[in-house]
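Chains as they are written, first to last, in our numbering: chain H, 1 to 170; chain U, 1 to 459; chain B, 1 to 704.
Bear in mind the hints are in silico, worked out from the structure with no lab data behind them. Predicted model, so just to flag it, every value in this text is computed and none were measured.
Just the calculated beta-carbon pair ranges, DEER-fashion:
1) Phe104/U with Pro118/H: 35 to 41 Å
2) Ile111/H with Tyr325/U: 51 to 57 Å
3) Pro16/U with Ile42/H: 30 to 36 Å
Here a beta-carbon is modelled for each residue, glycine too, at the ideal position from N, C-alpha and C.
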Amino acid sequence: MAEFDDPTALVQATRRTYDEGYRVFDSYSPFPIHETFEAMHIEDRRVPLLVLGGGIAGMLAGLGLQVWVSAYAYPLNIGGRPYLSWPMFVPVTFELTILFAALAAVFGMFILNGLPMPYHPVFNVARFAEHASQDGFFLAIEATDPKFSHQATRAFLRGLGAKEINDVAH
Amino acid sequence: MDLKPAYAPPPPVIAPGHTFGTVTEQVAAIVLTRRHPYSWFFGLAIGFMLSMVLLMSITWLLIKGTGIWGVNAPVGWGFAIINFVWWIGIGHAGTLISAILLLFKQDWRTSINRFAEAMTLFAVACAGIFPLIHTGRPWLAAYWLLPYPNTMGMWPQFRSPLIWDVFAVTTYLTVSLLFWYVGLVPDLATLRDRAKSIHLRRLYGMLALGWRGSARHWERYEAAYLLLAGLSTPLVLSVHTVVSFDFAVGLIPGWHATIFPPYFVAGAVYAGFAMVLTLAIPLRVMYGLQDFLTIRHLENMAKVMLVTGLIVFYGYIMEAFYGWYSANRYESYMIFNRMTGPYAPFYWVLILSNGLIPQLLWMKRIRTTPILLFLIAMVVNVGMWLERFVIVVTSLHRDFLPSSWGMYWPTRWDIMTFIGTIGLFITLFFLFIRVLPMISIFEMRTMVPGAKVRGGKAH
Amino acid sequence: MTYGPSIDAAAGRAGSLSELVSAMDAGQVALLVICGLNPVYSAPADLRFAERLAKVTTVVYHGLHLDETANLAHWTIADTHSLEAWGDVRAYDGTVTIIQPLIAPLYEGRSVYELLAAFTPEPDRRGYQIVKDYWTRAFGGGASWTIRSADGQAYRDAEAFWRRALHDGFIRGTALADGGPATPFVPAPKGAAAPAAASGTTAGGAAGGSAGATAGSPNASTAAAAPRAPENTSAAPDVPAVAAPAAQTVGGAPAAAPPAVQPQAGSTAPAQGGLEIIFRPDPTIWDGRFANNGWLQELPKPLTKVTWDTTAWISPQLARERGLTDGDVIELKYLGNTTRMPVFRVPGHPAQSVTVFLGYGRRMAGRVGTAAADAQAFNANLLRTSDAPWFGRGLEITRTGDRYLLATTQEHHLMEGRQPVRVATLEQYKADSRIIAEQGHTPPKTLTMYPEHPYDGNKWGMAIDLTTCTGCSACTIACVAENNIPVVGKDQVAAGREMHWIRVDHYFAGNDFDTAVEAYHQPVPCMHCENAPCEVVCPVAATAHSSEGLNDMVYNRCVGTRYCANNCPYKVRRFNFLLYSDWTTTSLEPLRNPDVTVRSRGVMEKCTYCVQRINQGRIDAKRENRAIRDAEVVTACQAVCPSEAIVFGNLNDPASQIAKLQTQHRNYGLLDDLNTRPRTTYLAALRNPNPELEPAAGHSTTEH
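In isolation and in its complexed conformation, chain H is listed as follows:
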């Protein structure tokens, strides 16, 4: 794990790490830095798709429930209106679309992120635990990466201009 001073350094380091061929690594920052996403070539399309799916599910659920209840399960003559008074079903359908889409967004995002995950090896680095969520910027290359070699990787990280380098115990 390497620590950096500011976002610019982190982004440059990230780019070079990717160019070097490492794939199983991650950069850590106390706020999202879009350049790192580009540098790491990560773009998870699953989140938007889940949201779309959730929205469609919500729409079908809302419409389906109302149509079934009003025309099939227990049709009632309400004010002389037709059983399938669809304009009046729109608000509930709309709300359920949004609700399901939002639930899909939130839970989808957390699940895809693997959260909650109270323990992770990176927390074993004292500097990380104290600064990663506040004002520190870190880059960690994992041992499971095919290119990983303890000394070579360490040297590489030093070459990136890191402020400090730590081994991550786990």
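Following the hints, position chains U and B against chain H.
Relative to the frame of chain H, chains U and B by itself:
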């Protein structure tokens, strides 16, 4: 001679001289280390006392019935529904700030969105009390308005705007809560890492879900956050539209009008920003947050208030116009009665507080003076309550058949219940500022100049 | 309505109240039996009845309630209600009917027959025996009382006649038009003990009957005269006229009547100045006898819609002169008597008169009827004199500056340019019958894009004729009785929460309160709209439309959001804001109709077209394998309406009365421009003014 530049760049959203560290420190310290000002204890005490008044009022209501309030025939809805709409309207500003200003890439939302979203949640919580307790049998209304399979084979009646309300407000509460919580997660991680006591660390740690700031996580997080903002935008428009349908679907003059959805939504934003200002201005003094809640923020909020106030004023003018233009006896009497009938004082105070006084905001001097802004915001809060009073009561008290005309006057229980919900709101809000960061720390970090990544792409 | 010869209820009556009071004052009365009257409260003030009552050695009170008179009596004897006692009655046309009780007496009372029997040689006879004995003797009573059966034959024997009379409910052949006798039957005395009382009617015919039919004096001709049922004849003959003033008490020849009690000075010569005062019985509680009846106290008075209180009526002109408005308390001074009343302005009232109503200000009238402390002065009897008990001159009124809360159910009596009541003169209607339809705008049926629900079975509808409606409000009370509607009390009525399912709206014609004269009454039950706005907004489907067109209210599903009431343009829905039904008073349990739910708090209720009666009709018809006949199902309001203004029935039956009425050009729906498609419609009021009173007969009385 010194010429001013034709375009002056806007003042920064954060006072110069801050770093990631100082931003974190200043906001997190409020929660973790700083001693709370006496005003906090005082505020919480007031809130708690008024919450007890609320508890007492609701208890008596459940024991005796809605007859303890002033509702009658023909005015079947009074303070309860007025308060419901007032609170929900207030909630809309938080979502607008969080979601819509995000989509419009307005940086100045950053320091206000956390507590504004919290305000939304607490306002919706206060609002949600009323549709439940105003019913004659709340113990049944609690679940019969929900679609669940049962032995009666009965379902809610989906054509009713009150059912639309159930879905809209529930969705709004859920999505706002989730949106707020998602935004909180990185800050909870900050608090976890800063907290000294092991118990606090565990507590914040559980709530933070183990967040570690991984870029892979941030990528999905940003995607979800943006999508939530995109979903919340039509949501906030739809919620107050659905609330306006409570009236617009009714057929009495004064209710049955197509202007209600945009008029209500604008009114909600208006009322909400007034409440945000009402909270922000004392808070920045109490906790010394002037660096983050700058004059620019206050001014921008004042501008939003001015715009939405103009839309609302347009709504009032339209009501008068279509009272005449419709050539419908009932409609024209409705507006005539509002202006000259027994509730005319309420109507004219409304025009004054919502229409005329906020025009002072055209003047930059007023927009940038916090104490004046606070006073105008309070006036708007009152005015927006009066607007709902005028809509609900004056339309109901005189409708089609003159034989049914009557009057509505609130009882002490009406007033106590309302003040009680204000107390609940204050209590929740003061607890919030005690235990959670009232400004979004991680977003504020992006406002620090050092957050911008220098240099172009490497390749 | 037809008029025929009637029985003179006052025939043979002995003495007047004034004479009795004189005798009491002179100490000549040793025993006074008061049956079913409350003279301490209701006797005119100048007679000072309570004071004189103290001079009577023994006072016996026979009545239903411990009222003001019972309070001063030495003995009180509980009466029976007329529905729990045997009795007899002669109708205005002479027909005799036997009153049969519905239930055994609830509280061990004795009917007036049984009371008076105590003064006879057979004191222990019960009501049944008394009545049967009398009529079986009348049956064989002689030429003037020959009673024949329907086919003209004589009855086999008295027993057969008696059974026939009980079965039929009336005695055939006793109507005057059928040759029935004009005077009551007087049986031969059973021994010399009792002097034949010339007035066989001492026990009967008092107080002019409840209807106040006798002109002029409403004073009881004898203070001991009996009760509500006019002309109870059977008790009379064996009973000496105990109540005849002075006859009994001085044992023997009637003493010379003591000089009549001098009325208050000055009343003999009518005063020249001052206002005129008019005394009227109250429209709902009459002379005060119904003060403890919550239904009648809460029934709005027909023109003012005031409940629970009396008001002194004045014209708007007089009000303006004196600076008075509704609810101001005035002091009334008349012939040396003083009392207070809240005023009410009534357009069309003569400008120099004040009308006051009897019956209020009672001090001992039970839980419901006893007036509150500040209202005990509102007693018109305190002003009344026995020589001119119905009107007089010389009234002075002064503003006291006090205000009194009046609970009214309708605050606004002008139509404000709308036309809930459509009116035309007969001339106008005959010239062009479309004049009624043109006063509104009915949307065409083709207006809707949506398919309509079919109503092929019974299609219930109601028509209310505004020409014949008199505004008597009997429909309101009938509905209360039929549907277990609770009484809510004055404070709740003042708060706007009265529970009447059918109310009678009252409007003055024109737009000027001061000059309005024409008044219209409009009973408003639920319209049972086919496009009911109330149904659409109920979140739990507690109100839905039946296949026969009824707007059903499902009490057990209602959660009480009151959205339906807000959305009803007719405001016919009533909400139980508090628990109004009395769960605890046991005597009220038999009151209720077991076919109708008793509603608890938090639930909405409204007119159901008497669905319980419709259902009973459906069951009966199904049992007999036939359709429901026209006029078989009669709603409570329809049943009781004296002018038959309300008609209910099946619109799908072309021969039904309702179907014919709703095709009349007079027929219109209230607020039908809202496209609610009400099933309850109105037949417009047609006036036929005397051309000498309204020369411009072509001029419409309605405002556009």
